[in-house]
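Order-wise, the sequence lines are chains D and W. Quick note on this note's numbering: the first sequence kicks off at 4 and runs consecutively. Quick note on this note's numbering: the second sequence kicks off at 4 and runs consecutively.
Source of the hints: derived by calculation from the structure; they are not laboratory data. All figures in this text were calculated on a predicted structure; none of them were measured in a lab. One should not assume that every hint holds.
Said to hold, decoys possible - Short, incomplete list of chain D residues facing chain W, as computed with Cβ under 7 Å:
(1) LEU35
(2) ILE60
(3) PHE72
(4) ALA73
(5) GLU86
(6) ALA90
(7) SER167
(8) VAL169
(9) VAL171
(10) GLY176
(11) PRO203
(12) VAL212
(13) ALA216
(14) ARG222
(15) VAL325
(16) GLY372
As the list claims (entries may be wrong) - So, partial list: chain D residues that the calculated Cβ filter (under 7 Å) puts toward chain W:
(17) GLU14
(18) GLU15
(19) ILE19
(20) GLY115
(21) ALA174
(22) GLY207
(23) LEU312
Don't be surprised by glycine CBs; every beta carbon is placed ideally from N, CA and C.
There are 2 protein chains.
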Amino acid sequence: MRPMRALLPVEEAKAIILGAVRPIERTEPVALDAAGGRVLAAPLTASQDVPPFPRAIVDGYAVRAQETFAAGQSRPAVLRLAEVVHAGEEARAALVPGCCVQVATGAPVPEGADAVVMFEDTEADGERVQVFKPAHPGQNIAPRGQDIAAGASILAAGTLLTPSKVGVLAALGVRELSVYARPRVAVIPSGNEVVAVGEPLAPGRIYDVNSHALAALVREHGGHPALFPIMKDTVQSVLDTLRDARGSDLIVLSGGSSVGDRDVMVEALARLGEVKFHGIAVRPGKPTLCAVVEGTLVLGMPGNPTSCLTNGYGLLVPALRVLARLPRVDRPPLTLPLARRVTSPLGRHEYLPVKVVEGHVVPVFKGSGAITSMADAEGYIEIPWNVEFLERGHPVDVRFF
Amino acid sequence: MRPMRALLPVEEAKAIILGAVRPIERTEPVALDAAGGRVLAAPLTASQDVPPFPRAIVDGYAVRAQETFAAGQSRPAVLRLAEVVHAGEEARAALVPGCCVQVATGAPVPEGADAVVMFEDTEADGERVQVFKPAHPGQNIAPRGQDIAAGASILAAGTLLTPSKVGVLAALGVRELSVYARPRVAVIPSGNEVVAVGEPLAPGRIYDVNSHALAALVREHGGHPALFPIMKDTVQSVLDTLRDARGSDLIVLSGGSSVGDRDVMVEALARLGEVKFHGIAVRPGKPTLCAVVEGTLVLGMPGNPTSCLTNGYGLLVPALRVLARLPRVDRPPLTLPLARRVTSPLGRHEYLPVKVVEGHVVPVFKGSGAITSMADAEGYIEIPWNVEFLERGHPVDVRFF
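Same shape as in the complex, but just chain D (with noise of 0.2 Å):
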């Protein structure tokens, strides 16, 4: 058992992973109420006008804004009311002087008005309306195009579909669109003690850990993923699962746990492609590897479960969001104090589990096989190889799983 190559420091790998990494350019069509979450493939042009009509924005008398430049309380402007119009509606006629018409918030403001005056200026006797106050042109109107003028680029290719922008969507009456397609995640298991979930546990065995983490984390993220069955530590079973696993978008294995198994996966990667590193200086998680095939990036993850998902949040998911599209940040760090001192190994990038208890960061980590270490966490703190201790009460950035 030959022991792997120098460590690469954490950072170098990350810059590698995302250099093998493009953005998918499979596109698919999905409806208006499937479009939250997903990213626009093509810009949007605005096809009309949004308000597609002058709108009055309060309820009130759409006028002639010069018939009130004299109003005042004790002079009002005294117009006759012409009809009545509701959000929904249209005017039956153009304004004529001397007259004003009664408008909903929402409804279309008449030709000949522009402007419209709210009730509370107003006193109104059937017909014969009085306006207190003077109106400027323009009042209380959106004008046609002020929300989005037609022809406009409203949504740029790339874009991230949330809430507001499937209400842009709607505005425009879009019912299907263009976006970019989930990535296609195989995650593929190995190792001889590895034994699939709902199977018998010989001796012996363990079950199948990661692949669940891994598929979950990757449906998080924005990508499809795809259980494998388990490869065995083979040379030639890592490359059949590898023909198998063809038109991938990204190929995850994870195990075995020793450095004969991690051979038998280099060997097999260096015959289909390049293999770019094989063993990264973090903790855990320093038996990682990093290949592509076929323009495919291929990421060996440990078999150690908690070392197989820390690496998971801080490798896989900043490929997998490149790949997919999506944001390189989801959520910020949340800047907090360390509950006790921490030590750390020199010359290793740590990824900790911690959870947090009454406003501090308490560390978890109980061994990288341990599958309760993250289970306990509530994410996790990152302290570069260069930093061998860090004191009670030192703040650090927590990254919520």
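Starting from the known structure of chain D, fit chain W onto it as the hints suggest.
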């Protein structure tokens, strides 16, 4: 058109809403691979030990520790290699005195052995293994059940199933589990001027923006939105629609934009249940309505898209997350300085849509009728009712969408 009653402070409105919503009780089974992001409905007790056997955590030799106590660089303990156990295998026999067993990381430690010595501290020549360092009992062994002990309570009911918790389920071989159902949220548009997306836009009409934006928001926060046809502004139409929405866990109405339309909703809701409030001291979003009908919370959102969506984030999302049993705070806010001075009306809590440009917070509010206000925003800040202005550079908490 009568005015709304006295405006309620937004914090009181929120307290009333949260007091009126009860966490969902309905459960449903899901497969392990659909469990990510769901909420566990029954406490999980470990059915077995994890690891299910004492497990080597390094590659090396399983030994009886006491046989190495006297070992040193110059006088190694000499042991006979009895067998080799790979990961996934079991030793054929218990370890006998004077012997050792080669074990791979993850392999079961044979009976009789109580320590594993790393290869680095040994030298092997055929069956003769020299150990140069004393081992202490338990060294490099994860005892059976160390991570999870059979019978232990592992995950409480109400636990959000993050990827690491999905991993815990997998470690225990759980293939299917019971989770709380996603709340069914009826999303009901109204307003005589509103037209369903996809239908022709008659003069004076606008497309239904709010249903689609709200549905996307509901889906993002664990709800299952059901989009309803556009409700007419009549008491009978509201009564009929609310009858159709029975069985929903939460009902969200939106529009119409004018005071008169609201009165129709208030009247219908008062007949069917209890109106909790109507009108809150918030900008935008004043004409917001809360009622409880047959135990179900009903939120009436303003018709203006920006008002509707800011209240969606400020009031609907907290209520929905309680209902869905999701943790209260999804993302911590990010504190950044304001790019310019901001004024805010005294007496009104303000939700101000913003974006972040070069580390500074830029307001993007263009009026509550403008859907693009929200579309340009990356998040929002809140300005309390008793704050009249914030200076340029003042630190504010940005909540990202």
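Hint-by-hint comparison with the structure:
Look at LEU35 of chain D: its Cβ gets to within about 6 Å of chain W, closer than 7 Å, so that hint holds up. A distance limit of 7 Å between C-beta atoms decides the matter here; for ILE60 of chain D the minimum to chain W is near 6 Å, and the interface restraint holds. About 25 Å separates the beta-carbon of PHE72 of chain D from the nearest beta-carbon of chain W, more than 7 Å, and the hint is not met. Interface restraint check for ALA73 of chain D: the shortest CB-CB distance to chain W comes to about 28 Å, outside 7 Å, so the restraint is violated.
The interface hint given for GLU86 of chain D is violated, since its Cβ lies 13 Å from the closest Cβ of chain W, which is over the 7 Å cut-off. This hint holds: ALA90 of chain D has a C-beta 4 Å from the nearest C-beta of chain W, less than the 7 Å allowed. For SER167 of chain D, the shortest C-beta to C-beta distance to chain W is roughly 3 Å, which falls under 7 Å, so the interface hint holds. The interface hint given for VAL169 of chain D is met, as the beta carbon of that residue sits about 4 Å from the closest beta carbon of chain W, less than 7 Å.
A cut of 7 Å between beta carbons decides the hint on VAL171 of chain D: the least distance to chain W is about 5 Å, and the hint holds. Against a cut-off of 7 Å between C-beta atoms, the interface hint on GLY176 of chain D holds, since the closest Cβ of chain W lies about 5 Å away. Look at PRO203 of chain D: its Cβ only gets to about 9 Å from chain W, farther than 7 Å, so that hint breaks. Proximity of VAL212 of chain D to chain W holds as hinted, the smallest CB-CB distance being about 5 Å (cut-off 7 Å).
Because the beta carbon of ALA216 of chain D sits about 4 Å from the nearest beta carbon in chain W, less than 7 Å, this interface hint is met. At a threshold of 7 Å, the smallest CB-CB gap from ARG222 of chain D to chain W is about 6 Å, leaving the interface hint in force. Given the 7 Å rule on beta carbons, the hint for VAL325 of chain D is violated: about 19 Å separates it from the nearest Cβ of chain W. Against a cut-off of 7 Å between C-beta atoms, the interface hint on GLY372 of chain D holds, since the closest Cβ of chain W lies about 6 Å away.
Hint status for GLU14 of chain D relative to chain W: violated, with the closest Cβ pair at about 22 Å, above 7 Å. Proximity of GLU15 of chain D to chain W is violated relative to the hint, the smallest CB-CB distance being about 26 Å (cut-off 7 Å). At about 24 Å, the closest approach between the beta carbon of ILE19 of chain D and any beta carbon in chain W exceeds 7 Å, and the interface hint on this residue is violated. Violation of the interface hint for GLY115 of chain D is found here, the shortest Cβ-Cβ separation to chain W being roughly 16 Å, above the 7 Å cut-off.
Residue-level restraint check for ALA174 of chain D holds (minimum Cβ-Cβ distance to chain W is 5 Å; threshold 7 Å). The criterion of a C-beta within 7 Å of any C-beta in chain W is met by GLY207 of chain D, whose closest approach is roughly 4 Å, and the hint holds. For the restraint placing LEU312 of chain D at the interface with chain W, the shortest Cβ-Cβ distance is roughly 6 Å, inside the 7 Å limit, so the hint holds.
Hints 3, 4, 5, 11, 15, 17, 18, 19, 20 from the list above are not met by this structure, while the remaining hints are.
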